[in-house]
Each structure stands twice: as C-alpha cells, then as structure tokens.
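Q: Here is what each chain is made of, one letter per residue.
4 protein chains.
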Amino acid sequence: MSNLSIPTSRSLDVICLGRAGVDLYASEENVDLTNVSSFDKHVGGSPANIAVALSKLGAKAGIISCVSDDGLGHYVCDYLRRLNVDIQGMLVDNKGSRTSLAITEMKASNCEVVIYRNNAADLTLSIEHIDKAYIAQSKILLISGTALSSSPSREATLAAIRYAREAGTLVVLDVDYRAYSWRSEEDSSLYYQMAASMSDVVIGNREEFDVMEALDRDSAKSDDDQTAARYLQGATQILIIKAGELGSTVYTRDGQKFAQGIYPVEVKKPFGAGDSFAGAFMYSILQGYDLQESVKMGSASAAINVSRKTCTDAMPTLDELLSFIAVREAA
Amino acid sequence: MSNLSIPTSRSLDVICLGRAGVDLYASEENVDLTNVSSFDKHVGGSPANIAVALSKLGAKAGIISCVSDDGLGHYVCDYLRRLNVDIQGMLVDNKGSRTSLAITEMKASNCEVVIYRNNAADLTLSIEHIDKAYIAQSKILLISGTALSSSPSREATLAAIRYAREAGTLVVLDVDYRAYSWRSEEDSSLYYQMAASMSDVVIGNREEFDVMEALDRDSAKSDDDQTAARYLQGATQILIIKAGELGSTVYTRDGQKFAQGIYPVEVKKPFGAGDSFAGAFMYSILQGYDLQESVKMGSASAAINVSRKTCTDAMPTLDELLSFIAVREAA
Amino acid sequence: MSNLSIPTSRSLDVICLGRAGVDLYASEENVDLTNVSSFDKHVGGSPANIAVALSKLGAKAGIISCVSDDGLGHYVCDYLRRLNVDIQGMLVDNKGSRTSLAITEMKASNCEVVIYRNNAADLTLSIEHIDKAYIAQSKILLISGTALSSSPSREATLAAIRYAREAGTLVVLDVDYRAYSWRSEEDSSLYYQMAASMSDVVIGNREEFDVMEALDRDSAKSDDDQTAARYLQGATQILIIKAGELGSTVYTRDGQKFAQGIYPVEVKKPFGAGDSFAGAFMYSILQGYDLQESVKMGSASAAINVSRKTCTDAMPTLDELLSFIAVREAA
Amino acid sequence: MSNLSIPTSRSLDVICLGRAGVDLYASEENVDLTNVSSFDKHVGGSPANIAVALSKLGAKAGIISCVSDDGLGHYVCDYLRRLNVDIQGMLVDNKGSRTSLAITEMKASNCEVVIYRNNAADLTLSIEHIDKAYIAQSKILLISGTALSSSPSREATLAAIRYAREAGTLVVLDVDYRAYSWRSEEDSSLYYQMAASMSDVVIGNREEFDVMEALDRDSAKSDDDQTAARYLQGATQILIIKAGELGSTVYTRDGQKFAQGIYPVEVKKPFGAGDSFAGAFMYSILQGYDLQESVKMGSASAAINVSRKTCTDAMPTLDELLSFIAVREAA
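Residue numbers (this note's numbering), protein chains in the order written: chain Z, 293 to 623; chain H, 293 to 623; chain X, 293 to 623; chain D, 293 to 623.
It is worth saying that the hints were derived from the structure and are not from the lab.
Wrong hints could be hidden among the right ones.
No copy labels: a pair is met if it fits in one copy or bridges any two.
As the list claims (entries may be wrong) - In silico DSBU-like cross-links for lysine-lysine, where the CA-CA straight-line distance does not exceed 30 Å:
(1) Lys424 x Lys399
(2) Lys387 x Lys399
(3) Lys424 x Lys352
(4) Lys513 x Lys424
(5) Lys601 x Lys352
(6) Lys560 x Lys399
None of the values given here were measured: they were computed from a predicted structure.
Isolated chain Z, as found in the complex (with noise of 0.2 Å):
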C-alpha cells in the first residue's frame, strides 16, 4: 500500500478534468499524412483516454470537459457514456469553439499529428462550470496540466484542485505538457508548480519536470533526485518521472526511491502510453496495491497500448493486464 490517504464510500473513482476530444488516426500505417487517404474516427485527448482506461479495468471514472454541439461533440459523449463513464461533467458549448481533434500518422515514431485546439471547447470551461459537490462525490481527482494552459480553463482546474483539497479527494497531476497552449514557458512553470503543490501525485517525463523548473533552473542540467527534493512539499506525496524507453523512477515523501523498468513491445505509435499508464496506476493504487506494484500494473498498461493501433479502444481490460503481466514474468 501507498501512504496515499483514500477516501472511501464515494460514487465515483476518479474524475479525469482537461480536454475530451476527437483523435483522426491515419488507417494506413507508415505513410506520410500527406499522402494519407482515408482516417478512422476515435475518442481522444489524455484525460477522456485516462478515463477510458480506468473504465476498461473497472474504476468507476467520470470526465469534466467540453466538446462543441455538433456531430463530432456528441460523438464523444455517446462513446464515453457508452464506455460507462459518467458525463454529467461535460459541458455541450455553442458559441462558437470546436471539440479538440488531432489528425495523425500512424507510425512508431515521429509521428506528425495536426492539432486543431483554435478555441478549443474544453478551454472555455470556467471556474462557474465546476460543480464542488460532484468532485467530493470522487476518491480522485486527476489533472490534465494542459488544462492549465489557458484562462477561463486555467481558473477552472486551479478552483477544481482547491475543491478536491477541501473534500479530501486525493490529486493526481498529469503533467501533460503541450507548447503550444501557452504564452511562455515561465508561464507554464509558475502554473505547473502552483498546480503540483497541491497535487498528492504528480506524474510526467523527464522534458516535462524541466519546463516545471524554468523559473528556478540556475543550471541547466536535469537531476531528478534534485526534482524529487524540489517537489516532495506542500501536498505532494508521490514523485514519478518517466523517461520513455528507459522507464520510471519513482519518489515518495518518505523517502523511498525506485526505477521501474519497461515491456518492450512492436510499438505501433508513439503515444497513448502516458494515459494508459496514469489510469492502470490509479486503478491498482484505488485496489489497495502497494506502490511498486501499481507502477508494475502502469507500465505493463502502456506497453499494450501501444503496441495497439489506437488510444482508447487499445486500453486493456484487468485480464487482459493481468496475463500480459503474468506472460511477461514468466518469461
């Protein structure tokens, strides 16, 4: 077990805040989007894949975003609902801002991946939006950094993470970080460390904790037990940084340190491992696993995904994880 405090008796697992949005996945792989000629329509967007996953394993998961009132919107509400996550969070705006999309390649690597976020939908969500009694309905609250991007949405997830402090529902911060939602990197960092202070979990990769440490870098060198001792305060109880094929290294408060490796795996594209591994460990720690396990149980959860064509749909159920784990240790 974590020395994470868990809140029990409530209706929901986990709350995933950020975007939800439509991810267009090229149906030929290894071709170049230009010359691509036909895409298939899936659901998308780190926190709508987090929640997915945790459903897939059976976590109770609910999503608070926003899509545009078209087609593509109610699309990825139908599939959540259909996926057994609660949508009573999701906003339906019609002023104007569209549901995420982001059209891609599909290749293992460098894969080019368009993104149309030009007033996104889940950006407009505001501070007014956030209902403080669902998110005390929830053991978890877990936050997509790039909602933090911009404001009103910025205000919504800063407000979201002071209801959760309040309710004793635990945060877990995604850091998620994308360039292009935000002004400047000093921006992102004063942002990003607000966020993680209040945060009992903060999950990203190695890129990311340097963008978190602009404002304070005096050398420009990475360390990450240095980014351990720098992020173990305020709330914040649980460090994990990743570092792609290299796996994780794990930090918690009390002084544990711990690298978890990787499954290798014919990785049929690049992304998807992140949310794949954020929903399992959330899943396994919610189940009463002890740290290094629920990191076991992520990492073995993104070695699927992406050794799986799409985001969502390639989430793996509790068999599915579990025997992947069990093959895999055998060996």
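Since the structure of chain Z is provided, determine the placement of chains H, X and D on it from the hints.
A: Here is chains H, X and D on its own, set in the frame of chain Z:
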C-alpha cells in the same frame, strides 16, 4: 458570346481567391456523423474546387490562398500542383493558424458538416500578400465571397479586386455566403455590395442575394427582377441567381433575362454543385461560348458533380461534360 | 457657386461623423508635458470641432458619435447641446469603452499629444447604429477619416456614406489620418480610396494623400496634379490639398485649379486649423459662396483658430470671420 | 514588535508592485465632473502612492510597474525619482499601452472617478520582466491586488511573490480590489486566496474580503472572526480588516485580536486613506514598532491624507505624523 470583354494573351485563365482546405468525407453513406467510423481525405474549399474544375476542363487556373505549415497544408499544395493548378499565390503560415477543415456526413440532403475555421489560415491573407502583377497575368479573377468575412482577408480581397480592375482582368464574384464567419448580416450586406459593384459577373443563390440586400431591404419579399435591377450597376454585366432544383435565372446589363433548368440526377451529396457550375461557366465563357450556352455547361457540370461522392475529384473533364449534355439532350 | 448640387429643405445643414471627445490642454504655455501642472478641459475630436465651427457660424450641425457613460461623456454631450449641435445621433456606451481623450502641451509647434484611444467609444459605432433617415435629413454628411480605421466603426462609416448617396446628401471626406489607429498603411489606402470615390469633396494634406496612394504608388514622388487626376473620379467633384504654411491647392472635376494662401498669425498651437477650415468651407458652400470664396473663408477661419488657445471655443462667429477677412484685405 | 521575521541588511525597505499612473484632480472642489473646468496633475496608483508614503517617512522604497513612453509616463518616472523612490524596476512600454489614468472630482464622498485602463501599461508586466535578484534586495514586497486582475501581469505578480518567499522577503498583500479589471468575482476569489496564502500580511476592507471569499461562501453573512480563521493559514501571520469610519480590526496567527479606531478629520476626498495606512504601517513595522502601535501609525497617516486634497503630495512626513498623533492623544 457574352458581352464581357475578356483580355487575351494572359498566362493564366482564372485565378481563384479564397479558402483552400481539407474535406473529410464520411466513408459510409447515409450514416450520422456521430456513427461514422472513417473519413476519406479530399481537397476542398470553394475556390480550390473551382480551380480544380477549371483545370480538369483544360483551363489554366491559379489560386491565392493560405494553408498551415503541416501535413494537411502540404497535402493541399501537392494536390493542387498535381492537378496543374498554379500555386505561386499560395501562402504557408506557421504562426498558429490552421488549414480550413470540413468534416462531413455523406447524405443526399441535410448533411451535417462540422467546420474548423477558428483562426483559419486563409483568413490571415492580408493586402501585403497580394501581388498586383500576378493578378494582371490572368484573364479572370474569381472571388469567393467568404474571403470578405473578416480582416485582414477582407482587405486582401478588396485590394485584389481593385488590382484586377486596373489590369483589365475580369472579376467574377461567387457569393458563397457562410453566416458563421461574419459579425453581422449588415456587415455582409455592405461588403458584398461593394465587391459586387466592382465585379463583372455576380453568381449567388436567392438566399445569398437576400443577405446582400439586408441594408436596403424595405420589404421582406425577395424579387429576382428587383435584385437584378439593383445589382446590374457599377461594373456588373451579368447576374446569375440560382434556385436549387428550380435552376437559375440569368440577367444581363443590356436587358436579357433567361432561365436555365437543372439536369436531374441521383444526388449523392448536397454540395459541390455551385463550384462545379462556376468552373464550367467560366471555362465556357473563356472558350467563346455564348452566355446561354455557358450557363448550360455550368448546370450540366453541377449535375455531374453532385451525382458523385466527392467535390474536387468529381469535377468532370471536358469529354465527360460534353457527353453528359449530349446524352441528356438526346433523351 | 461651386458645381456641387446641394439638396434644399433639410432640417440639418451638416452631420459630422466620427469621434467626439475630451481635450485636456496644458494650462501653462511652452512647458513640456512632463512639467505641466494643470490642464483645462475642452471638447475635442475633429468631427466635434467641425460641428461646433458650423454651429458658431450659424449653420445647423449634428453629430454621429459615441462617448462613454460617465462624467466626461456627459460633458461632451452637454457642451455640444449647449452649442446647439444636434446630438440625437450620439450614443452613450457602458460596456467598457472610454470617451476619446487627448492630453496636450500648449506650444506653437512640435506639441506632444498623448492620446487615450484604446477601446475608444467612438470606434464602437456599428452599422446597426446608423439611422438612414437621420442622414437623409441633412444637406451634407462630413466624414472624419479616422472613423474608417477599425471595425465596426469602419462599416458604420461606409454604410453612412452609402445612405447619404442614396438620399442625395452631399458627402465631404476630411481625411484626418492618424497612423496609430490603422493596421497598416495599405489598409488605410484601400479604405480611404473607397470612401473618396463615394465623396463629393475630399480634403486632406499632402502627407495624407501620400498615404491614400500607398497601394498605387509607382514612384516615391508626390505630385498634386497626379493626385487630382487620380481622385477626381467616381463621385468626386472637388479636391483640396492642404500644404500647411504654403496654403492649399484646389482642383475641380471640370478642370479648375487654383491656390489659396494662408493668413499669417501668431500661432498658439498647431492643431484645430483643419477643422476650422472644414467648418467655414462647408458653411460658405451652403450659403452659396463660390468655391474660391469658400476656400478663402476656410483659410481665414483656420488662421483665427490657431491664433487662439483652444479648438472648439476658438471657432469664430460669422462676424469675427468676416471682420478678420476685411481687416486683412484692407491691409 | 510583531511576530513577523523581517530580513535585515537589505538595500531596500519595500518594493511596491502594481500600477503607477497619473491622477488628474478637479481644481474646483464640490463640482460635478461634467462641470469641472480644469485638473491638477499628480502621480497616483495605489503602489505608487504607498512607495511615496514610505519615502516621505524616510524608508527606502522601490517600485515594479510599467508606464507608456510619453510625457505622462516620463512624468511618473521623474516624480518618483525626485521623491527618492527607486525606479529600476519601472518598465517603459512603446507598443500601444497607456499609463494608467484616473480623472476625478474633488468631493468628500461619492466622488466620480473616470478610469482609463484599457490596455493599461502596468498590466503588460509579465514574468519575464520580474527580476528575482531585485526582489531579494528588499525587506518587504508590497503587492497591490489589482496587479492580479489580468494576464500577463497576474503571472508576473504571482512569480514575484514566489521569488520573495524564496528570498525571505516579507510579503504584504493590499487587496485593492477593482471589479472592472476582473473577468468574474470567482476568478478574483481564486487568485486573491492564492496570493493571500503566500502573504505574511493581508490588508483589506470588509467588502474586499467578501469578494475573496466568493468561492467558499456558504452563507451570505460577512463575519470578521470567520474571515480571520480562514485566512490566518499558509504563510499569513497578520490580517487587517478595515471598516471605514469604524476603524480596523486586526488579527494575528497567534490569536491576538484588537480594534483600532480612526482619527476624525474633515475629509477632502475619499481616497488615499488605504495607501497612506499601508505605507505608515509598513514603515512602523520596519522600525520595530509593535503591531498595535504600527496600526495606529497607519490610521493616523490615513487621517492626514484624506484631510488634504491630493494623494502622493498629501503623504505625511514622520514629523507630521508624530505631531498629529501627539496632538490627538493630548486632546
């Protein structure tokens, strides 16, 4: 022959000004957008469609537009270049705008189309981007009215029209009204009237002329004859009022008026007709066909286009167009 | 008499369209703004000044403008009403815009003027605010070109000009170019040319005509005769090119050209001359003076204005104006 | 002595962050703004006022702000420099923003103040402009809450607070709430709470604390004791709740609570009191006065200020302040 005076000895037949973008057509027919599983990628946008229509008929077309600097923008450029459209007037923006994108169902009518045009690349065109000498190389400048909907594209478009008039380049205005791009109907009316007064030929449907007349409307009644009287002033020689299944009514400055019916076909989708019409109409005028004959060519081309699934690829060649008319007239 | 055809039997002589605001003049003369200790409050803004000039001469002037809903806005309304200017076309905005404000030193030349025009009230005028019937009640519509500098005031202004033309109301364009309000010189050139082509009289100084010609400039050389040839087209009958201490050159559509010198005075401040000129010129035209006489009246009025410390209050009465000319001609 | 731990050996006593601008005070007293004929020019803006108050008492004050590059901006810089305020943190903007400007009547109460803050220079401050080393040179950082009202000034302010905490510089938050600068009361509440939780001292009036509590308000009732309980957390050691003519109530983290009355005077204008209070209060704290004595000094300074016609010039010297208290206590 029409009474238009068309310049000779120019390296281009028609330059089309306005948006060029990507259309994603539902692969499945008669399925709601929410349930569509995949989409086929095509080039779209009225001026791009018209340029392709002209090119397939054998005319030399160019385009003045802007796309974003990514796989989708490059695709639009590649496609047009491949179709022999001159793209020296195509800008590639890397300041955050995005290539115009339309995602659509495939139904004969009431097609839902989700449009991504927040910070659209084509609307970032400004006067400074318009090359007076390039416009002087063309016999016709085709204006897609949506380019007037917001600044700085509005000013670029008005300047292009002025340059055309100075150079003796014929100006054809295709109204192409899209309410979502305009601040108010009054603004639309103002700029459409300005552009119309400097255009030799104005093509629109009844609803579009109603919007154009918003500033002057004394009665709520639409009346084609009054519309013609109002607009056959300034530079305008020819006015074509389209009425969907009822065909078109054509008016000339020197008092002609005639109707052109439609060629009944099984309709696959409700768009593309206007662009196909405009392309074949201008092609015919340039070939020296008389006005009535040119309108008939436009009408036949529109029929062919809507009987096929896409826009650009569905534009007929000259052989196809002539055969279609021959078959229909023999019937 | 000029060859302008001026409507009779209208309740207003001139409606002035554009900004009306507050001028704060340094109480001390020849002191840098940094060291000025107090300011005197006056009404300012070119169209307001012109309306006052007309009113003091005995003409019936009206204004179409907008001020903010506060003590400064109310002051502007009160002052104009007191000066007998019709203010039924004056809007009062309470959505955050502010009355145009200029804070100025009092020097004969090189006066620093600090302008507060971020979200200026007058630039919030839109087409919907322009009353066609009101414009039809006036003999002349005076356009201050700065009203063209940004949307939605730009569209309001262009619509007002259209309404004037429809109603037979004479249109006088005072170029009044202020670079800070425009996106680019090219945009200025485009809209000034549009407005000029619909105006019966165009008044500007040499630098302003240079800006107006930016889109067409082949050579860097300014040339009054070429400018006249370029602009005495469309609706334009009279062109007045001012050259400061060198006086003005006047051109007419029917080939007249004459020069008008200035009346030398001791200059107190370098502004107000143009507005005073325009007011007295229009007054004289309306009284049936011939063109040359009217320009002389304008020139004398300008001289009187700059020899006094303020703008509006310094506008001469008819007696003052006639005496001034009489004295000078006797000298 | 208060229980605040104030750093020693710093080159500056207090850096004030926020707006610095121009106040134009009606020369005539008790006249409506509409009828005022002239105005006197003064430096204004809460942080500028506080810096001047400190400087006149003998403390070394600095300012972090921004003005526009014109006669008014230069005047603000010159004045502050003359008053011995350090202005190395003062930016001068030439991208179109304007120095904050307030134009006001001179009445004892219900003064109309017209504020020009559209694109205000001070609100263009961004994180990149904040010099960590400069803040580390000061004993206290005084934050004027209006600097939090919009981006990028909001981020600059939050970063400055962080830098202060890192450097051991005491943070004093003067709430200074102005509704017109904020998107919503909820946003105000969020950011004021964040800033308060990082501030050692928070000073505001009852209405301002009501706004700060908007996100948490369960009942409509204001209650000073509950407010104190809510805010004496995080970094906050001292809370001062002002209630106009009723004086102030002061709370400390270690459980003290006391009231301070006002010194009755004939009021010339209803503003300046808070800035004068804050300046004298910080001065006294820095001199080692105890908390109760420091609040009394603030209160006396406020009384002196409102009995005079201006803000900055009306700030008392130490002699004036001590004499005033001595006289009043003798009475």
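Q: Quick one: which hint numbers does this structure break? Sort them smallest to largest.
A: 1
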